[in-house]
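Each chain is listed here by its residues.
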Amino acid sequence: MKVTLKLYATLADYLPAGARNNRVELDVADAATVNAVLAPFSLPPKLTHLVLINGVFVPPEARDSTPLAEGDALAVWPPIAGG
Amino acid sequence: MGWNRKVLRVNLTAGTCTPEPLNMAWANDYLGSRGLASKYLVEEIDPKVDPLSPDNKMIMATGPLTGTMASTGGRYTVVTKGALTNAIACSNSGGYFGAEMKFAGWDMVVFEGKSPKPVYLYLENDKAELRCAAHLWGKTCWETEETIKASHQDPQIKVSSIGAAGENQVLFACIVNDLHRAAGRSGVGAVMGSKNLKAVAIRGTKGVSGIKDFPAFLQATQAGKKVLADNAVTGQGLPKYGTQVLMNVINEMGALPTRNHRDVQFEEAGKISAEAMHEKRPTDGKAHLVTNAACFGCTIACGRISKIDETHFSVKNSPKYWGASGGLEYEAAWALGAANGVGDLEALHYANMLCNEHGMDPISFGATVGAAMELYDLGILTKEQIGLEAQFGSAEALCKLVEMTAHGEGFGKELGMGSARMCAKYGKPELSMSVKGQEFPAYDSRGIQGMGLTYATSNRGACHLRSYTVASEVLGIPVKTDPLTTDGKPELVKAFQDATSVFDAAGICIFTSFAWTLADVQPQVQAACEGDWSMDKLNLVGERIWNMERQFNLAAGLTAADDDLPPRLKTEPAKTGPAKGLVNGIDKMKPEYYKIRGWDSNGVPDKATLDRLGL
Numbered sequence: 001m002k003v004t005l006k007l008y009a010t011l012a013d014y015l016p017a018g019a020r021n022n023r024v025e026l027d028v029a030d031a032a033t034v035n036a037v038l039a040p041f042s043l044p045p046k047l048t049h050l051v052l053i054n055g056v057f058v059p060p061e062a063r064d065s066t067p068l069a070e071g072d073a074l075a076v077w078p079p080i081a082g083g
Numbered sequence: 001m002g003w004n005r006k007v008l009r010v011n012l013t014a015g016t017c018t019p020e021p022l023n024m025a026w027a028n029d030y031l032g033s034r035g036l037a038s039k040y041l042v043e044e045i046d047p048k049v050d051p052l053s054p055d056n057k058m059i060m061a062t063g064p065l066t067g068t069m070a071s072t073g074g075r076y077t078v079v080t081k082g083a084l085t086n087a088i089a090c091s092n093s094g095g096y097f098g099a100e101m102k103f104a105g106w107d108m109v110v111f112e113g114k115s116p117k118p119v120y121l122y123l124e125n126d127k128a129e130l131r132c133a134a135h136l137w138g139k140t141c142w143e144t145e146e147t148i149k150a151s152h153q154d155p156q157i158k159v160s161s162i163g164a165a166g167e168n169q170v171l172f173a174c175i176v177n178d179l180h181r182a183a184g185r186s187g188v189g190a191v192m193g194s195k196n197l198k199a200v201a202i203r204g205t206k207g208v209s210g211i212k213d214f215p216a217f218l219q220a221t222q223a224g225k226k227v228l229a230d231n232a233v234t235g236q237g238l239p240k241y242g243t244q245v246l247m248n249v250i251n252e253m254g255a256l257p258t259r260n261h262r263d264v265q266f267e268e269a270g271k272i273s274a275e276a277m278h279e280k281r282p283t284d285g286k287a288h289l290v291t292n293a294a295c296f297g298c299t300i301a302c303g304r305i306s307k308i309d310e311t312h313f314s315v316k317n318s319p320k321y322w323g324a325s326g327g328l329e330y331e332a333a334w335a336l337g338a339a340n341g342v343g344d345l346e347a348l349h350y351a352n353m354l355c356n357e358h359g360m361d362p363i364s365f366g367a368t369v370g371a372a373m374e375l376y377d378l379g380i381l382t383k384e385q386i387g388l389e390a391q392f393g394s395a396e397a398l399c400k401l402v403e404m405t406a407h408g409e410g411f412g413k414e415l416g417m418g419s420a421r422m423c424a425k426y427g428k429p430e431l432s433m434s435v436k437g438q439e440f441p442a443y444d445s446r447g448i449q450g451m452g453l454t455y456a457t458s459n460r461g462a463c464h465l466r467s468y469t470v471a472s473e474v475l476g477i478p479v480k481t482d483p484l485t486t487d488g489k490p491e492l493v494k495a496f497q498d499a500t501s502v503f504d505a506a507g508i509c510i511f512t513s514f515a516w517t518l519a520d521v522q523p524q525v526q527a528a529c530e531g532d533w534s535m536d537k538l539n540l541v542g543e544r545i546w547n548m549e550r551q552f553n554l555a556a557g558l559t560a561a562d563d564d565l566p567p568r569l570k571t572e573p574a575k576t577g578p579a580k581g582l583v584n585g586i587d588k589m590k591p592e593y594y595k596i597r598g599w600d601s602n603g604v605p606d607k608a609t610l611d612r613l614g615l
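These protein sequences, in sequence, are chains X and G. All letters in the first sequence, in the order written, are residues 1 to 83 by our numbering. All letters in the second sequence, in the order written, are residues 1 to 615 by our numbering.
Isolated chain X, as found in the complex (with noise of 0.2 Å):
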């Protein structure tokens, strides 16, 4: 199945040499889990901060278990914040 990849900030380093605007498209096989997704890009984890599937957060405890579906955006940020 095909999904999106997203790395922002400094993880941004580790997407594919080429991938534009912070993404990469991913053919991944069916219900792949967000750490099997991410495993090939070796992302550190102390960087693997704030994990979100379509915009809603999972939670560190469940990302060996929280499977992707088609068309799923999983977006990664390091530690961050902003006011």
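Because the hints were derived from the structure by calculation, they are not lab data. Beta carbons: idealized from backbone N, C-alpha and C, even for Gly. Careful, some of the hints might be misleading.
With a straight-line cut-off of 35 Å between C-alpha atoms, the simulated DSBU-like cross-links for lysine-lysine are [to be verified]:
(1) X:Lys46 with G:Lys425
(2) G:Lys307 with X:Lys46
(3) G:Lys225 with X:Lys46
(4) G:Lys114 with G:Lys575
(5) G:Lys280 with X:Lys2
(6) G:Lys575 with G:Lys240
(7) X:Lys2 with G:Lys48
(8) G:Lys580 with X:Lys2
(9) X:Lys2 with G:Lys271
(10) X:Lys2 with G:Lys240
(11) X:Lys46 with G:Lys570
(12) G:Lys607 with G:Lys575
(13) X:Lys46 with G:Lys607
(14) G:Lys206 with G:Lys114
(15) X:Lys2 with G:Lys480
(16) G:Lys48 with G:Lys117
(17) X:Lys46 with G:Lys226
(18) X:Lys46 with G:Lys280
(19) G:Lys117 with X:Lys46
(20) X:Lys46 with G:Lys240
(21) G:Lys48 with X:Lys46
(22) G:Lys607 with G:Lys494
(23) G:Lys280 with G:Lys494
(24) G:Lys595 with G:Lys480
Take a look, some chain G residues computed to stay more than 12 Å from chain X by CB distance [said to hold, decoys possible]:
(25) Trp137
(26) Lys139
(27) Asn231
(28) Ala274
(29) Glu310
(30) Glu403
(31) His407
Covered stretches of chain X, as calculated for chain G (at least 3 residues, CB under 8 Å) [to be verified]:
(32) 48-61
(33) 71-83
Once you've looked at the hints, dock chain G against the given chain X.
Positioned in the frame of chain X, the structure of chain G alone reads:
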């Protein structure tokens, strides 16, 4: 003692500057800055006073940690009755001005009356003089600072001033210090302009002395700095990407107010984000962002310094804007961008520079433009009335309107009233995205429910800096809560409101709270100040400040009906994103919040609450 124990009272009507001792009994109850200055204001003015009349007062105040070794200890506040809100106003600014006031030996300056002619206050340690500002009136904030430094032959002078917006009493005019830091919200610059006070210039060489227990203070401030440095947010995230990193986060979460809150996601958010500021432009091969920057004593350094594209239509014939300048920060980028549907980063930077140059709050300005663009879209406002085509997404309109508003030209006068008065004038008051007359900042409360209660109950009108529940609901600081539910939000909002009051009163930046709790602040305050500053005491002080501000607003004529959101947020569900189908649950949260606060169903603090807080 963290205080200088000295207040300057400036009677602008009489032209006098009179030192007086700081009321230490009040300092013991309200700590400093926002808390202590608000206590002075509440005691000294009629709450029903016209904010722009001579009977209103304006106080510039430091906190006990301002100017000290405490990280971010450079903050000062401007406390007055707000021109935009008719409520108590407290606008907080960084830079170097606040520390300089402390170095000159003053805790605060109380301005009263109205000068018959434009003046500026010059403070050089104990010397305090009102000087003629006829040659400064009409100058921008940037020119004013440069002129004052040159005329005194001292580049170390720190200046806070108003620009054209404050002089013209644009109701969201701000007070700018150090070129691009500002006491930004609620129209404090309009109050300053109404008093014919152009600027305050300070040179202080005394430093800060009298810290109560210096070894303990050194230890406490060093420990605090280590917490900030070791924390991934304050040690790495904010210095690298600044507040602007939120643009994509909040958009992804479906909480980025777009086109006057018609939408909650902006299709061009990526083009105006922190990531975009790091990218090299095709026109000149340079990134928008030049460097980060820090205010006095800050070990976070979240500030952005950028350079505009010299070929952009807004500045191609204006080289004076080609240099490095402050911005963009998230709030300004949102208000000037997504709120109007404008996805042109360079145009936003230009508009932000003009807000700094002429002294306008970019949040209220941008949001008011958004409301005008909706009125234009509906055919209520025409090209002839506005003087230009003002469709959503027009960078050209944004850049022209910022000039017109600052100078009070044409339709700019209408924009300068703020969105509430403008929308009411054109028969559509419901299109003003504001509370108590002040425009929302950059979080849609349909997607972040706690922010609806934050906005509705903020004592200074809609504001994110009174209880930033985004920290919890989005970022998981200190704990993650669900942004889509109202459960637990009244308790969360109250806790944030009370704690924020203490951070503000201490004279430090609220951004430390991404890493610090009150338990990190407490040993710094305790070591700096005489008396008991235990956690219990600080918690009480925070709650006392909040309730004091509330009582002022009630006495000013505000009621529970003013603790509400525009109908759009209560009746028009979010169209996309995680909050699709949701409206804000303010009507459920508000009664719970009043109860937790110890207020009756009309939002009035009950006797037991007032007695407990010593009010």
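So, going through the hints one by one against the coordinates:
For the given pair, Lys46 (chain X) sits about 53 Å from Lys425 (chain G) by alpha-carbon distance, which is inconsistent with the 35 Å threshold. Taking the CA atoms of Lys307 (chain G) and Lys46 (chain X), the gap is about 32 Å. The hint holds against a cut of 35 Å. Among the hinted pairs, Lys225 (chain G) with Lys46 (chain X) is consistent with the structure: their alpha-carbon atoms are about 21 Å apart, no more than 35 Å. Taking the CA atoms of Lys114 (chain G) and Lys575 (chain G), the gap is near 49 Å; set against the 35 Å cutoff, the hint is violated.
At most 35 Å may separate the alpha-carbon atoms for a hinted pair to count; Lys280 (chain G) and Lys2 (chain X) meet this at roughly 30 Å. A distance of roughly 33 Å separates the Cα atoms of Lys575 (chain G) and Lys240 (chain G); the hinted pair therefore holds under the 35 Å criterion. A hinted pair counts as satisfied when its Cα atoms are at most 35 Å apart, and Lys2 (chain X) with Lys48 (chain G) does not qualify at roughly 61 Å. Distance restraint check for Lys580 (chain G) and Lys2 (chain X): the Cα-Cα separation of roughly 23 Å lies within the 35 Å cut-off, and the hinted pair is therefore satisfied.
The suggested pairing of Lys2 (chain X) with Lys271 (chain G) holds, with an alpha-carbon distance near 25 Å, which does not exceed 35 Å. Under the criterion of a C-alpha separation no larger than 35 Å, the hint pairing Lys2 (chain X) with Lys240 (chain G) is consistent with the structure, at around 32 Å. Our distance criterion of 35 Å between C-alpha atoms is broken by Lys46 (chain X) and Lys570 (chain G), whose separation comes to about 38 Å. For the suggested pair Lys607 (chain G) and Lys575 (chain G), the alpha carbons sit about 44 Å apart, so the restraint of at most 35 Å is broken.
Proposed proximity of Lys46 (chain X) and Lys607 (chain G) is contradicted: the alpha carbons are some 49 Å apart, above 35 Å. Taken as a hint, the Lys206 (chain G) and Lys114 (chain G) pair is honoured in the structure, with Cα atoms around 30 Å apart against an allowance of 35 Å. Among the hinted pairs, Lys2 (chain X) with Lys480 (chain G) is consistent with the structure: their alpha-carbon atoms are about 29 Å apart, no more than 35 Å. Restraint check for Lys48 (chain G) and Lys117 (chain G): satisfied, since their Cα atoms lie roughly 26 Å apart, inside the 35 Å limit.
This hinted pair checks out: Lys46 (chain X) and Lys226 (chain G) have alpha carbons roughly 19 Å apart, not beyond 35 Å. Of the pairs offered as hints, the one joining Lys46 (chain X) and Lys280 (chain G) holds, with about 28 Å between alpha carbons and a cut-off of 35 Å not exceeded. For the given pair, Lys117 (chain G) sits about 59 Å from Lys46 (chain X) by alpha-carbon distance, which is inconsistent with the 35 Å threshold. For a cut-off of 35 Å, the pair hint linking Lys46 (chain X) to Lys240 (chain G) stands: about 16 Å separates their Cα positions.
Between Lys48 (chain G) and Lys46 (chain X) the alpha-carbon distance is near 53 Å, which puts this suggested pair outside the 35 Å criterion. Under the criterion of a C-alpha separation no larger than 35 Å, the hint pairing Lys607 (chain G) with Lys494 (chain G) is consistent with the structure, at around 19 Å. For the hint pairing Lys280 (chain G) with Lys494 (chain G), the CA-to-CA distance comes to about 43 Å; that exceeds 35 Å, so the pair is violated. Between the alpha carbons of Lys595 (chain G) and Lys480 (chain G) the distance comes to roughly 24 Å, so the proposed pair stays at or under 35 Å and holds.
Residue-level check passed: Trp137 (chain G) sits 34 Å from the nearest beta carbon of chain X, beyond 12 Å. The non-interface label for Lys139 (chain G) is consistent with chain X: the shortest C-beta to C-beta separation is roughly 31 Å, beyond 12 Å. With a least CB separation of 8 Å from chain X, Asn231 (chain G) falls inside the 12 Å interface cut-off, contrary to its annotation. The Cβ of Ala274 (chain G) does not lie farther than 12 Å from every Cβ of chain X; its closest approach is about 7 Å, which violates its non-interface assignment.
Separation of Glu310 (chain G) from chain X is adequate, the least Cβ-Cβ distance of about 25 Å exceeding the 12 Å criterion. Non-interface call for Glu403 (chain G) relative to chain X: holds, since the shortest CB-CB distance, roughly 28 Å, exceeds 12 Å. Distance check on His407 (chain G): its Cβ is at least 30 Å (rounded) from any Cβ of chain X, clearing the 12 Å threshold; non-interface status holds. With 8 residues carrying a beta carbon less than 8 Å from a beta carbon of chain G, the stretch 48-61 of chain X meets the three-residue requirement, and the given coverage holds.
Counting residues of the stretch 71-83 of chain X whose beta-carbon sits less than 8 Å from any beta-carbon of chain G gives 9, enough to reach three: the coverage restraint holds.
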